[in-house]
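Produce the entire structure from the sequences given, and follow the hints as far as they go.
Here is what each chain is made of, one letter per residue.
2 protein chains.
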Amino acid sequence: MPELRKDPIIGRWVIVATERAKKPDHYLDLPQETSPESFCPFCDGNESSTPPEIYALRPKHTHANKPGWDLRVVPSIAPFLRIEGDLDRRGKGLYDLMNGVGAHEIVIETNKHIANMADLEESQIAEVITCYIDRMLDLEKDQRFKYVLTFKNYGRSAGGSKYAHSRSQLIATPVNPKRVKEELVGSRIYYDYHERCVFCDLIRQELDSKDRLILDLDGFIAIAPFASRFPFEIWILPKKHTCDFTRLDMPSRLELANIMKKVLMKLKVGLSDPPYNYVLHTAPFRRQKLGYWKSIDHDYHWHIEIMPRLTRLAGFEWGTGFYICPLPPEEAARFLREIKV
Amino acid sequence: MPELRKDPIIGRWVIVATERAKKPDHYLDLPQETSPESFCPFCDGNESSTPPEIYALRPKHTHANKPGWDLRVVPSIAPFLRIEGDLDRRGKGLYDLMNGVGAHEIVIETNKHIANMADLEESQIAEVITCYIDRMLDLEKDQRFKYVLTFKNYGRSAGGSKYAHSRSQLIATPVNPKRVKEELVGSRIYYDYHERCVFCDLIRQELDSKDRLILDLDGFIAIAPFASRFPFEIWILPKKHTCDFTRLDMPSRLELANIMKKVLMKLKVGLSDPPYNYVLHTAPFRRQKLGYWKSIDHDYHWHIEIMPRLTRLAGFEWGTGFYICPLPPEEAARFLREIKV
Numbered sequence: 022m023p024e025l026r027k028d029p030i031i032g033r034w035v036i037v038a039t040e041r042a043k044k045p046d047h048y049l050d051l052p053q054e055t056s057p058e059s060f061c062p063f064c065d066g067n068e069s070s071t072p073p074e075i076y077a078l079r080p081k082h083t084h085a086n087k088p089g090w091d092l093r094v095v096p097s098i099a100p101f102l103r104i105e106g107d108l109d110r111r112g113k114g115l116y117d118l119m120n121g122v123g124a125h126e127i128v129i130e131t132n133k134h135i136a137n138m139a140d141l142e143e144s145q146i147a148e149v150i151t152c153y154i155d156r157m158l159d160l161e162k163d164q165r166f167k168y169v170l171t172f173k174n175y176g177r178s179a180g181g182s183k184y185a186h187s188r189s190q191l192i193a194t195p196v197n198p199k200r201v202k203e204e205l206v207g208s209r210i211y212y213d214y215h216e217r218c219v220f221c222d223l224i225r226q227e228l229d230s231k232d233r234l235i236l237d238l239d240g241f242i243a244i245a246p247f248a249s250r251f252p253f254e255i256w257i258l259p260k261k262h263t264c265d266f267t268r269l270d271m272p273s274r275l276e277l278a279n280i281m282k283k284v285l286m287k288l289k290v291g292l293s294d295p296p297y298n299y300v301l302h303t304a305p306f307r308r309q310k311l312g313y314w315k316s317i318d319h320d321y322h323w324h325i326e327i328m329p330r331l332t333r334l335a336g337f338e339w340g341t342g343f344y345i346c347p348l349p350p351e352e353a354a355r356f357l358r359e360i361k362v
Numbered sequence: 022m023p024e025l026r027k028d029p030i031i032g033r034w035v036i037v038a039t040e041r042a043k044k045p046d047h048y049l050d051l052p053q054e055t056s057p058e059s060f061c062p063f064c065d066g067n068e069s070s071t072p073p074e075i076y077a078l079r080p081k082h083t084h085a086n087k088p089g090w091d092l093r094v095v096p097s098i099a100p101f102l103r104i105e106g107d108l109d110r111r112g113k114g115l116y117d118l119m120n121g122v123g124a125h126e127i128v129i130e131t132n133k134h135i136a137n138m139a140d141l142e143e144s145q146i147a148e149v150i151t152c153y154i155d156r157m158l159d160l161e162k163d164q165r166f167k168y169v170l171t172f173k174n175y176g177r178s179a180g181g182s183k184y185a186h187s188r189s190q191l192i193a194t195p196v197n198p199k200r201v202k203e204e205l206v207g208s209r210i211y212y213d214y215h216e217r218c219v220f221c222d223l224i225r226q227e228l229d230s231k232d233r234l235i236l237d238l239d240g241f242i243a244i245a246p247f248a249s250r251f252p253f254e255i256w257i258l259p260k261k262h263t264c265d266f267t268r269l270d271m272p273s274r275l276e277l278a279n280i281m282k283k284v285l286m287k288l289k290v291g292l293s294d295p296p297y298n299y300v301l302h303t304a305p306f307r308r309q310k311l312g313y314w315k316s317i318d319h320d321y322h323w324h325i326e327i328m329p330r331l332t333r334l335a336g337f338e339w340g341t342g343f344y345i346c347p348l349p350p351e352e353a354a355r356f357l358r359e360i361k362v
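Line by line, the protein sequences are chains A and B. Heads up, the first sequence is in my numbering, so the first residue is 22 and it goes up one at a time. Heads up, the second sequence is in my numbering, so the first residue is 22 and it goes up one at a time.
These are calculated hints, taken from the structure and not from any lab test. Please note that a few of the clues may not be correct.
Copies of one chain are not kept apart here, so a pair can be met inside one copy or by any two copies together.
[What the hints assert, rightly or not] Here are the simulated DSS-like cross-link-like pairs (lysine-lysine), alpha carbons at most 27 Å apart as the crow flies:
id: 1; residue 1: Lys199; residue 2: Lys27
id: 2; residue 1: Lys113; residue 2: Lys231
id: 3; residue 1: Lys27; residue 2: Lys231
id: 4; residue 1: Lys113; residue 2: Lys261
Right, dumping it as C-alpha cells:
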C-alpha cells in the first residue's frame with residue numbers, strides 16, 4: 022500500500038509509492054528521450070492492453086472495451102494511490118501518515134494516435150471536459166476523498182510517458198493539495214477585506230489593461246499572469262464567477278474547448294510544439310464546509326494553469342518557493358497574441 | 022530594472038527579469054545538453070573574464086583579480102536582481118510589486134576546473150562554508166534585504182550553466198522566500214504546542230529509528246526525510262539546536278564540510294554522478310523581530326536540503342504542491358548507507 026506522509030514542518034502531504042517503487046539502482050540511468058514506439062496501448066483496437074474502462078464515450082452499437090470509442094477512462098496501470106482500503110490516519114513518533122488510498126485514472130482523449138491536445142477537434146476537447154466533470158462528480162461520492170486533481174503532462178520533459186497519445190489524468194486524494202489550500206486561504210483573505218473575488222477583480226483588470234491578455238473569447242479569457250513563474254505561463258479563467266468547475270453548463274463547455282484549442286495551438290505554432298503541463302484548480306468537494314471553505318462560493322474561482330516546460334530553472338525554485346521568470350508576461354502575451362491559429 | 026511581483030492570490034513573490042529578458046523566440050529552441058567548452062571563465066588565470074571579485078580567499082602575496090586564489094566571489098554577470106536603487110513598493114491596480122533590488126553573487130569554489138563539489142577537498146568545502154557565512158553577514162548590513170538564499174545548481178538538468186566549474190550562488194532578497202516562511206510558521210506552531218523544536222525532535226527520532234539515517238558524523242546527521250519529495254532527497258542538519266547558520270564555529274564548519282563531502286560523494290559514486298541542487302535554509306535576518314520571527318531562536322533550526330534530479334515528475338508538482346515520490350526514503354537511505362566512499 023502506498024503511503025501519504027506529511028512533512029512535519031510545513032505540513033505538505035507527499036505520496037510515497039512504497040509499492041510500485043523501483044529499486045534504487047533504477048535511478049542509475051536517467052530516462053532516455055522519447056523513442057518512437059510502434060505499438061501504442063491507447064489506440065483503437067488495443068483495448069485489451071489497458072485495464073477495463075470505467076467510463077467511455079462511444080456510439081451505442083459499440084461494446085465496452087472494444088473498438089469504435091471516442092474517449093475512454095481507465096484506471097492507471099501503475100496507480101500512485103490504491104482504490105481499496107481505509108485511510109487509517111496514524112502517527113509514527115512525530116510523523117503523520119495515512120494509507121495511500123485514492124483513485125488514479127487515465128483519460129484517453131482520442132482513439133487516434135494524436136499526441137498533442139492542440140490537434141484534437143474542439144468537439145473532442147469538449148468531450149474531455151465533460152468527461153472530467155462526470156468523473157469528478159462520480160469520485161466525489163466516495164466519502165474518503167476530498168479533492169480531484171485533474172492535469173495533463175504533454176511531452177517527455179513534462180513528465181509524459183513514452184507513449185505519445187493524448188491523455189489526461191485524474192487523481193482523487195484524501196487530502197486537499199497544498200497549492201489549492203493556499204489559493205483558498207489567499208482568496209478568502211482578499212474577500213474578507215474587499216468583499217469581492219480576487220479572481221474577478223483580476224479578470225476585470227486584465228480586460229482593462231490588455232497588457233497580459235492573450236485571448237478574450239465568449240465567457241473565458243486567457244492571460245499571462247502578472248507574477249508568472251515560467252516563460253509563457255498561461256491561465257484560462259471563466260469570466261463569470263464560479264468556484265466549481267463541475268457546474269459548467271454545456272454551452273460553456275464548448276466555449277472552454279474553443280479557447281483551450283486556440284491557446285494550445287498558439288503554443289504549438291509559436292513555440293515549436295513545446296512540452297507542457299496543465300492543472301485544473303477547482304473547489305474541494307462540497308462536504309467540507311469548514312474553516313476557509315465556508316464562503317467558498319463567493320471567494321474562490323476555478324481556473325486552468327498551463328505551464329510550458331521551456332526552462333530548467335527548477336531545483337532552486339523547488340527548494341525555496343522563489344521563482345525567477347526570465348520573460349516578462351507582457352512580452353509573452355504580446356508574442357502569443359500575434360500567433361495566428 | 023527587474024521587478025519583484027506578488028501573486029495576488031497566494032502571495033508568492035516572483036522575480037520577473039524585465040531587463041535581462043530574452044526575446045520570446047529564444048524559447049523556440051530548447052537548450053542543448055552540455056557542450057564541452059574549451060575555455061572556462063572561472064579557472065585560474067581567466068580572472069578578467071568575470072566582473073571584479075568582491076571577496077576572495079587567496080594567499081597574501083597574490084593580488085585581487087589575479088591568479089593564485091583559492092576561492093573567489095564575483096557578482097553575477099547576468100544578475101536576477103540589481104544592487105542599486107530603492108525598493109519602491111507600490112501597487113498597480115490589485116497587483117503589488119517592487120523594484121528588483123538585491124544582490125546576486127557567484128561563489129567560485131576552486132581555481133581548478135573541477136565540476137562537482139564532491140571532488141573538492143574537505144578543507145576547500147570548509148572554505149566555501151566560511152565564505153557563505155562571511156558573505157551573508159556582509160549582505161545583512163544592507164537594510165533593504167531580508168534574506169540570503171544560498172544554493173547550488175550542479176549539472177545542466179539542475180539548472181547549471183554550460184561551464185561545468187564548481188560554484189554556488191547567493192541571492193539577497195528584499196522579501197522572505199515563501200518556503201522559508203512556511204517553515205518558520207510550521208515550526209512555530211509545533212513549538213507553541215510542545216515547547217520543543219520540531220527539527221530537534223525529528224533528529225532524535227531519526228537517530229533512534231535509524232531507518233532513514235544516511236550518516237551520523239560528529240555534530241551533524243544526514244537523513245532521507247520522512248516525507249521526501251524526490252528519490253534520494255537528503256537533509257543535513259546540525260544536531261545542536263541553532264536557527265542561524267552564520268553562528269557556526271570553526272570546528273563545526275570542518276565537521277559540516279566532512280559530512281557534505283561524504284554525502285555528495287555517496288551520490289556521485291552510488292548514482293553515477295547525478296545532477297543535483299542544494300539549498301541552505303537558515304533564519305531570516307535578525308532585524309525582523311516581528312510576528313512569527315519573535316521566538317525564532319527557540320523554534321527554527323537551520324539545515325541543508327539536497328535534491329538530486331533523477332525524475333521528471335515536475336509540472337504536476339509545480340501546479341499542485343502535491344509530490345509523488347516513487348522511492349521510499351527508507352530504501353534510499355539504505356542504498357546510500359551502503360555506498361562506501
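Exercise. Hints broken by the structure, by number, lowest first?
Worked result: none
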